[in-house]
Amino acid sequence: MSARRDPAGGGGTMKNCEYRQIEPQGLGTPNAAPPPPAGANDADTRAKRRRKWEVFPGKNRFYCDGRIMVARQSGVLPLTLGLIVLTSCLFFVFDCPFLVEHVTSCIPAIGGALFAFVIISLLQTSFRDPGILPRATADEAAYTEKQIDDSASSSYRPPPRTLEVIINQQVVKLKYCFTCKMFRPPRTSHCSLCDNCVERFDHHCPWVGNCVGKRNYRFFYAFIVSLSFLTAFIFGCVTTHLTLRSQGGKGLITAVQESPLIVCFFSVWSILGLSGFHTYLVASNLTTNEDIKGSWSGNSGVQNTVNPYSYNNIFANCCAVLCAPLPPSLIDRRGFLPTQESPPAAQPQVELPVFVGKSDLTVV
Amino acid sequence: VRPSLQDLRQQASIAAKVFVQRDYTTGTICQFQTKFPSELETRIDKQQFEETIRTLNNLYAEAEKLGGRSYLEGCLACVTAYTIFLCMETHYEKVLKKIAKYIQEQNDKIYAPRGLLLTDPIERGLRVVEITIFEDQSNGRIEGR
Numbered sequence: 001m002s003a004r005r006d007p008a009g010g011g012g013t014m015k016n017c018e019y020r021q022i023e024p025q026g027l028g029t030p031n032a033a034p035p036p037p038a039g040a041n042d043a044d045t046r047a048k049r050r051r052k053w054e055v056f057p058g059k060n061r062f063y064c065d066g067r068i069m070v071a072r073q074s075g076v077l078p079l080t081l082g083l084i085v086l087t088s089c090l091f092f093v094f095d096c097p098f099l100v101e102h103v104t105s106c107i108p109a110i111g112g113a114l115f116a117f118v119i120i121s122l123l124q125t126s127f128r129d130p131g132i133l134p135r136a137t138a139d140e141a142a143y144t145e146k147q148i149d150d151s152a153s154s155s156y157r158p159p160p161r162t163l164e165v166i167i168n169q170q171v172v173k174l175k176y177c178f179t180c181k182m183f184r185p186p187r188t189s190h191c192s193l194c195d196n197c198v199e200r201f202d203h204h205c206p207w208v209g210n211c212v213g214k215r216n217y218r219f220f221y222a223f224i225v226s227l228s229f230l231t232a233f234i235f236g237c238v239t240t241h242l243t244l245r246s247q248g249g250k251g252l253i254t255a256v257q258e259s260p261l262i263v264c265f266f267s268v269w270s271i272l273g274l275s276g277f278h279t280y281l282v283a284s285n286l287t288t289n290e291d292i293k294g295s296w297s298g299n300s301g302v303q304n305t306v307n308p309y310s311y312n313n314i315f316a317n318c319c320a321v322l323c324a325p326l327p328p329s330l331i332d333r334r335g336f337l338p339t340q341e342s343p344p345a346a347q348p349q350v351e352l353p354v355f356v357g358k359s360d361l362t363v364v
Numbered sequence: 001v002r003p004s005l006q007d008l009r010q011q012a013s014i015a016a017k018v019f020v021q022r023d024y025t026t027g028t029i030c031q032f033q034t035k036f037p038s039e040l041e042t043r044i045d046k047q048q049f050e051e052t053i054r055t056l057n058n059l060y061a062e063a064e065k066l067g068g069r070s071y072l073e074g075c076l077a078c079v080t081a082y083t084i085f086l087c088m089e090t091h092y093e094k095v096l097k098k099i100a101k102y103i104q105e106q107n108d109k110i111y112a113p114r115g116l117l118l119t120d121p122i123e124r125g126l127r128v129v130e131i132t133i134f135e136d137q138s139n140g141r142i143e144g145r
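Sequence lines, in order, name chains A and B.
Residues in the first sequence are numbered consecutively from 1, following this note's numbering.
Residues in the second sequence are numbered consecutively from 1, following this note's numbering.
So here's chain A without its partners, still in its complex pose (with noise of 0.2 angstroms):
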């Protein structure tokens, strides 16, 4: 870096030469492995060294060092891959035999990708981040009071913990976030369960154990839909068997053939029912939450709601939620803390060698 100076000079001349011992690259990205820590503590450190989920603030559990999570609650999602296991074994040990001979060979090949689809699915909206946001850093919380206190005095009509943005010519409130420490961006919500604010929440869903939002609401998609073509797909089949099969016999074996049966019976609606409605909602680009409250609907008694974030036009807004590229974790889960003791966002985090001979302060 060639020394210069500085012709806007506000406080006196600078001497460029202190600024370049500063050592932008030491901060680097989340995901780059930190440096080796400098000077003679370098096994104590490593040995501590602790990643981001560990000291996550909100009801999340996390396995794999990170790399999958669920709620806290995640109570309901066993039974779900219970029920869903158990109903397409049944389905593949009893009915396939006997509809391979009588039918089609087609008929296990069907049912087994649809169940390995729904399955994967399921899997993928249980364990992905559903768009968390991290919580604002002390610097920044900080920094939005100071903003909030300055507005305050100066107009007293809009209420202090709101902020109006317009977005496409509507006008849309933002509200401020007291556990976040943050002025939630459009569509976010905090999660009571999880204690996170999730950008574009649709719902906690107890079914999947997470909230569905930005980042896994096209699983969500994937695997209700998918789960009412196998649930429709099964109790054809085995309604098919049934009907076929020559002989009767009320005894324990046809009641438990029979089970996928009812099984399916009494979820096919509700799976098909919810998938309309989130086709619904895929196509007019709302969520859940938006709908239920109808924010855009009119509801508030304001005339004139539009979605604002609606393409007007079907294609688009499917196209827009389930295929627009998909955003990454802002959690930075598997990063390493800083080796300070103190929490991260509170200590300056550049070292500055000019005061440092051999010290094992490290930069993350």
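Worth flagging that the hints you see were computed from the coordinates, not collected in a lab.
Incorrect hints may have been included.
Here are the simulated lysine-lysine pairs, DSBU-like style, with alpha carbons at most 35 angstroms apart [what the hints assert, rightly or not]:
| no. | chain 1 | residue 1 | chain 2 | residue 2 |
| --- | --- | --- | --- | --- |
| 1 | A | K181 | B | K17 |
| 2 | A | K59 | B | K94 |
| 3 | B | K109 | A | K173 |
| 4 | B | K97 | A | K175 |
| 5 | A | K52 | B | K65 |
| 6 | B | K35 | B | K46 |
| 7 | B | K101 | A | K146 |
| 8 | B | K98 | A | K173 |
| 9 | A | K52 | B | K17 |
| 10 | A | K293 | B | K109 |
| 11 | A | K173 | B | K35 |
| 12 | A | K175 | B | K109 |
| 13 | A | K146 | B | K35 |
| 14 | A | K293 | B | K98 |
| 15 | A | K59 | B | K109 |
| 16 | B | K46 | A | K173 |
| 17 | B | K46 | A | K59 |
| 18 | B | K101 | A | K293 |
| 19 | A | K52 | B | K98 |
Examples of chain A residues lying across from chain B (beta carbon under 8 angstroms, computed) [to be verified]:
| no. | residue |
| --- | --- |
| 20 | V55 |
| 21 | Q124 |
| 22 | L330 |
Where is the CB? At the ideal position from N, CA and C, for every residue including glycine.
Once you have looked at the hints, place chain B on chain A.
Below, chain B without anything else, positioned relative to chain A:
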């Protein structure tokens, strides 16, 4: 030695932090406001700052762009039951790497010589561009703000 080192770092390093907020006028895509913060008036040109923010905005728009390429990626991912993301980097991630490189380059060339430091917005949840203003250390004096 260590406590005084910390004190010296705290005293000598950070004067203030400015947070450039998100601009939501075009929707939920990631864009930052180009309004020039008053705290930076003495440190950097308005045009330079706006140029940086505008380039960042263009890069983020490229990351979230809906086009033939993103649809193809989406369909391919759907067909492979999204397992393709285990071995392939998404388009968004590729652009994020470009952004990280750009910010580093801007810091090296323009901001560090002026005693400023840009923090990559991804480290702040894509909510703000944090600009750290460092103390002027000319003549060995600590200049307060």
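- Which numbered hints does this structure break? Failing hints, ascending: 3, 10, 12, 14, 15, 17, 18, 20.
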